[in-house]
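S.K.: Chains as they are written, first to last, in numbering that gives the first Met the number 0: chain W, 0 to 408; chain U, 0 to 116.
Note that these hints are calculated values from the structure, not bench results.
Cβ atoms here follow ideal geometry from the backbone N, Cα and C, with glycine treated the same way.
Hints are not guaranteed to be accurate.
[Unchecked claim] Using C-beta positions, here's what the derived DEER-type ranges look like:
no.	chain 1	residue 1	chain 2	residue 2	range
1	U	Arg53	W	Glu68	31 to 37 Å
2	W	Trp112	U	Pro29	41 to 47 Å
3	W	Met40	U	Leu87	37 to 43 Å
4	U	Leu27	W	Arg48	52 to 58 Å
5	W	Ala21	U	Val35	41 to 47 Å
6	U	Leu85	W	Glu238	48 to 54 Å
7	U	Gly43	W	Ala21	40 to 46 Å
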Amino acid sequence: MTPELKGEILLGLVKIVVVFGALQLIVMNIVWAERRVSAWMQDRLGPNRVGPQGLLQGVADGLKNMLKEETMPANAEKGLFVLAPALAFIPAMMTQAVIPFASPLPVRFDWTWPLVGRIAYDGAMPMVIADLPVGFLYILALTSLGVYGVVLAGWSSGSKYSLLGGLRSSAQLISYEIAAGMSLIAVMILSGNVSLTAIVAKQQESVWFVFALSISFVVFLVTAFAETNRLPFDMPETESELVAGYHAEYSSMKFLVFLVAEYANLFTASALMATLFFGGWDIPFTTWDQGAPTVLKSLVTLVLFLTKTLSFCFVFIWVRWTLPRFRFDQVMQLGWKFLLPLAIAYVMVIATSVYALDLAGVAFGARYGAILFALNVVILYLVFWLLDRGRLIRGARAGYRPAAVRSSP
Amino acid sequence: MRQYIPLVLLTGFVILNAAAILVGSHLLSPTRPTAVKSTPYESGMPPLGDTRQRFSVKFYLIAMLFIVFDIETVFMIPWAVTFRQLGLFGLIEMLVFIVILLVGYVYAWKRGALEWE
């Protein structure tokens, strides 16, 4: 092994430990934030005793759960019951690996250590654990794997609530995965690459994709709620119907592992939205952040990335206390009958307009984005006009009664 | 292949962590199972009947539809990435592909595969 390769591996290890640690810390604080924000929205206090403002609540809960008794139903499938939390946890922790979280950091060292020998690195270190050329496909693959943990947990528990939760989640997660994948095809068309680093670079060149591809963003936002089991799509958990759904039978650390996986998924979904549609670590209206890498730039862009991502996390919490839960059939109808055809049609519209714009010789840049944004506004208006007519999805309208009820006296 | 090295390291690291958390908590926590404690939760009532009953065939149907549409998505990704190089040929090819896909979609919809009653 060359000293450079060793240096790369060393940096890789450092990044893994730092990002993993930071992710645990962030998850802990999102759980705290969820409880505090919920309390704030409901005009109560929330956890405020452990540490300043209750910030150490997560540590206390973790320690408590570590020491609590684990229960296992007598008719559970023992092997899968123990394995399921790990199967949910591992993909949740690994998805983060391809998301760039700051501008490259200049690193330079040249050491000679006993046993490993000379170890060196000189240059800009990309602030991402693994800058994979398949970046986006990796995320699709891992989110699919995440379904296994939930489904196996529901099935192996041997409880009816868990089984129903697991079944519902399998159907819901795979349904919304299609719409999510389809909505991001438009991003691939515009960026011409699946690597997330390249997608961020493309957005710096033109405009943030939230403007150029607004409808993709709307579809992806809705599917993100379903993929992370958040209200209004928390069918796998629905505490008023299924107690706790797929993890009803889990206690102590196994339960906490599910919780951590869930909030890590929430953070990843937020980070993905920030990266794919809001320019990732890009600072708007300036090219300063794209110049030669410095430590300051990395820090500023890291703060900006976290700001964008955590704003989305806040939106997730906010929506939880704003919208009531859908019925399961409504969830499936929304996914299959509205989001999927919308995403497919949108891909074709974007492909046609990109072809037309290229043919007209418009250079890829701010003007290109502005034209696409205008197109999006028109489509968005049409879609809402169509929805208002109540053709595709019948929601609960005032005065609306199903035919069966109307005919009875 | 160099970019994949951190990924292998991460996989190992995360698996080790998951194992450490689960095994650690198992060793630290007390285990005193009783007959009542190990019954599955059913709102405080003694469980009725077998848990693993038959469930709606709808779920299988959704799973099969998922396979079809997910593979379409996977087909579309390489097309999307190279779309700019393909030009008009790519656009028309994909239009044909989508139309064929839509025929299947409309068929599934009309046969009631997307209904939940």
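S.K.: Look at the Cβ atoms of methionine 40 (chain W) and leucine 87 (chain U) and judge whether their distance stays inside 37 to 43 Å.
M.R.: violated (52 Å)
S.K.: Per the hint of 31 to 37 Å, is the separation of the Cβ atoms of arginine 53 (chain U) and glutamate 68 (chain W) within bounds?
M.R.: holds (34 Å)
S.K.: So does tryptophan 112 (chain W) sit 41 to 47 Å from proline 29 (chain U), Cβ to Cβ?
M.R.: Given a distance of about 44 Å, which is inside 41 to 47 Å, the answer is holds.
S.K.: Can you tell me whether the CB distance of glycine 43 (chain U) to alanine 21 (chain W) sits inside 40 to 46 Å?
M.R.: holds (42 Å)
S.K.: Should the hint that alanine 21 (chain W) and valine 35 (chain U) are 41 to 47 Å apart at their CB atoms be regarded as holding?
M.R.: Distance hint for alanine 21 (chain W), valine 35 (chain U) holds at roughly 42 Å.
S.K.: Could you tell me whether the CB distance from leucine 85 (chain U) to glutamate 238 (chain W) stays inside 48 to 54 Å?
M.R.: At 49 Å between Cβs, range holds.
S.K.: State, for the Cβ atoms of leucine 27 (chain U) and arginine 48 (chain W), whether the hinted interval 52 to 58 Å holds or is violated.
M.R.: Given about 24 Å between the Cβ atoms, the range is violated.
Comparing the model with each numbered hint stated earlier shows that hints 3 and 4 do not hold.
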